[in-house]
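Given next are the chains, with one letter for each unit.
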Amino acid sequence: MVDDQHFAQLKDIVKLYLPEDVSVGAIVEDSNFVKELNINSANLVDIVLDVEDAFGIRLENEDMDKMQTVRDALNIIAQKLQDKN
Amino acid sequence: MNRRVVVTGLGICAPNGVGLANFYDSMLNGKSGIMFHQELADLGFGCQIAGKPEIQESLKESYFTALQLRGLNSSGIVYGVMAGTDAWMDAGLDKANKDQPDWDSGIIFGTGILGIDKLRESIYLIDDNNARRLGSNSVMQTMASGISAYLGGILGCGNQVTTNSSACATGTEGVIMGMERIRAGKAERMLVGSCNDSGPYIWGGFDAMRILPSKYNDNPQEASRPMSASASGFVPGSGAGAMVLESLASALGRGAKIYAEVLGGAINSGGQRGIGSMTAPNSEAVQRCILEALKDARVEKSEVDIINGHLTATSKDAEEIRNWSEALERSGKDFPFINATKGLLGHCLAASGSVECVASLLQYREGLFFGNRNCHDLHPEILELVDASRIPLKTISHKPGILAKASFGFGDVNACVIFNDYKEI
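If you're matching them up, the sequences are chains G and C in order.
Residues in the first sequence are numbered consecutively from 3, following my numbering.
Residues in the second sequence are numbered consecutively from 940, following my numbering.
FYI, nobody ran anything at the bench for these hints, they're computed from the structure.
A few of these clues could be false.
[As the list claims (entries may be wrong)] Using 27 Å as the maximum straight-line C-alpha spacing, the simulated BS3-like pairs for lysine-lysine come out as follows:
#: 1; chain 1: C; residue 1: LYS1034; chain 2: G; residue 2: LYS37
#: 2; chain 1: C; residue 1: LYS1034; chain 2: G; residue 2: LYS13
#: 3; chain 1: G; residue 1: LYS17; chain 2: C; residue 2: LYS999
#: 4; chain 1: C; residue 1: LYS999; chain 2: G; residue 2: LYS13
#: 5; chain 1: G; residue 1: LYS17; chain 2: C; residue 2: LYS1034
#: 6; chain 1: C; residue 1: LYS1362; chain 2: G; residue 2: LYS17
Input sequences plus hints: build the corresponding full structure.
Here it is as structure tokens:
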């Protein structure tokens, strides 16, 4: 189950990191950040920082390791927000 | 193998002009780029004036992607990428396609220190136990070779891509290194140039050495006075200059316009021996460098038509003129025309050599010789060696022949490059 608002926020963050030849429309729940969206793996740390700022959470190294796809990221965000409350 | 090397593209990001057209206009009309900076006054600097290119935020978007601009806090990268990309386009070259680099094109783009503002930002985060918040771009904006790495990726160069560093000789040294690589047949095209960050963290150390003028904060455009009796120190500057060097065969093959030929050059050091030191040049080394450059270029002393000096506006200017005069065995009315670009720009430090080479090369395109600003009162020791007519105050019409450009840097290092009007032989 995906939170539509979280997905929209995440999409908004990720689009900056897309290579020129990948459109925003390519970002779906199953997208793998590196293998499918062709995002430079060095930029994953920047996406993590942006996510932290946008959602007011903190992601640890192991969260980042698990964050392969958009769905992974959304699950981690949901979990962190739940833990916070 | 000793192939001819020519200059086919120029790019510039200077305190008195961003882009070739603006820069040329300023050089032609003697427009200074030196201004008062409130930031330096607020920090209690003795010298509160500097030369800093004015870059509109919107202009950056033509050179950088939105992602590259995010968190970009390295003025040297901004200046260098703008000048380097402009030079490439001016040469009529394209960026390499997405899948294949251009194996025959390389980059030697120097700097002194890169991204000092980014470094400061990073240090604050680290000291606050927050290294994890640095993100991915702190390394590439602060590694010295960041500038050549940015340009290499933007243009897609597949030959040598590197950064040289030899203090204020950096820019001129890069031209010679690029020329040598093409001469040796290891590359067809080399983008050469250099950049220097701006701001108090760059200039503060020089202010502390008391080698910057402190009495011109109210009239900044008069402050940089190369060859003048009233010279009182160099005005700190910043920016970038870039040139595309190309084998003559490649240039002719694609019908490129040719600004000038790079006939030769030499690089050496005074070893901080004799009167040479970390901060002062060994005159013997300077003269050897000039003579070795002429030899490399196969040019006679009598053939030198124009000199663009290092001439920073310190007490060392007279010594530099003596070195030119003794090395070339020429004086009085027989001395070549000489100009000092720093009168208008200040001392752009690691960028000075490349910025001044670009200024020198524009003289070939336009058939003129740029005048000298702020030296109506020539230093008496200089007047003993050179007739005042050889140091024009205003830009004059003159078809340049052989031009010698030298730069000297901390560490007692020297570089001298020889250009000539391109002639089919």
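A quick look at each hint next to the structure:
{"no.": "1", "hint": "C:LYS1034 to G:LYS37", "in the structure": "holds, 26 Å"}
{"no.": "2", "hint": "C:LYS1034 to G:LYS13", "in the structure": "violated, 30 Å"}
{"no.": "3", "hint": "G:LYS17 to C:LYS999", "in the structure": "holds, 20 Å"}
{"no.": "4", "hint": "C:LYS999 to G:LYS13", "in the structure": "holds, 25 Å"}
{"no.": "5", "hint": "G:LYS17 to C:LYS1034", "in the structure": "holds, 24 Å"}
{"no.": "6", "hint": "C:LYS1362 to G:LYS17", "in the structure": "violated, 52 Å"}
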